[in-house]
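J.: Kindly produce the complete structure, drawing on both the sequences and the hints.
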Amino acid sequence: MTDDDLDFTAAPASPAPAPPKASPAAAAPSAPSAPAAPAKSKFYDAAIARKLFQAHGVAETIPAGGAFFVENEKASKGGLFSKAVANRMFFIESGEVSLTAQGKVLDAIGAGEIFGEMAVITGGPRSATATAKSNCTAYSLDAVQLQSAIQRMPEFALMLMSVMFDRLRLVAARLAARKVAPGLQTAREAATFPQDMLQQLQDYLHASAKVRYESGKVIMREGDAGICMYVVAKGRVAIAIRDKIVEMVGPGGTFGEMALVDQSPRTASAGATVDCELLSVNRKALLDLIKAHPAFGVTMLRAVADRLRHMNALLAS
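According to my numbering, the sequence shown is numbered sequentially starting from 1123.
It should be emphasised that the hints constitute simulated quantities derived from the structure, not laboratory data. What you were told as hints is all true, and nothing was included just to trick you.
Okay, the calculated beta carbon distance ranges per label pair:
1) Ile1349 with Ala1298: 22 to 30 Å
2) Asn1404 with Val1340: 18 to 26 Å
3) Glu1195 with Arg1334: 44 to 52 Å
4) Ala1299 with Val1227: 17 to 25 Å
5) Ala1295 with Glu1336: 26 to 34 Å
6) Ala1177 with Ser1216: 13 to 21 Å
7) Lys1356 with Gly1187: 52 to 60 Å
8) Gly1188 with Lys1332: 49 to 57 Å
9) Ala1186 with Glu1399: 50 to 58 Å
Yeah, the Cβ is synthetic: ideal placement off N, Cα and C, and Gly gets one too.
T.: Written out as structure tokens, the structure is:
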């Protein structure tokens, strides 16, 4: 298997599958956190997921009627960065799983699909109950095993990101359709990389990656093609959907990665609220970075999960 085989962000050679079915985020806006099952991303590859789970996970058998996990079940602190996390994410080898929340059916998970990763990544409570509808065989990963797998196959982090990006788009569309959308008072302050990792990133990237925007300047517009993502080195950037601010990004924060990872139009607009210095990262540079320093991919994955939880909470409010 070559590195190209593991590039989940490459455009698929065959026609894209049917549009993804509605995710739990759209079906149950009152859920306490992000949905428990991934949307059907065109970049998800079941064969690659199976290899990763088989190599790094544990084989499990769940009889019909048995529970994989229960709604509101809490994890140990630390999520993906903890060394003692009870939560596990699953790849279904055979059988079917029902996801329910507050007594309502959200989704059905079949062979070749993964679910339950959000609680493993973030350490937050389960947002749904997963019950075996039939006898199921599966492979599972806890947080430590997932981190080890990503270190050996960093592109898997990008595949999980693309799955969560599909959910973010569905939630963003619902927020944009509201008569009263979230504004500055509910905007989340986002920071992906701590100061030490931000400094490492600046050292790793070439000086030409630095770009500057004066206060009030538009950095990207909703609907534009995305050829790079940005990391804020200095300053503050406002992220808006249909002119409604949903996120503020300061030093160490990232934006624009959704369009970069899966080569789709920009979901939001961004503008400098003060003079800004940004690091521009194209697709190749991102892949090279995660391959060389897997911790950056792990950190980005957790940040995407946190963003999804935040936007899902806005939708539920």
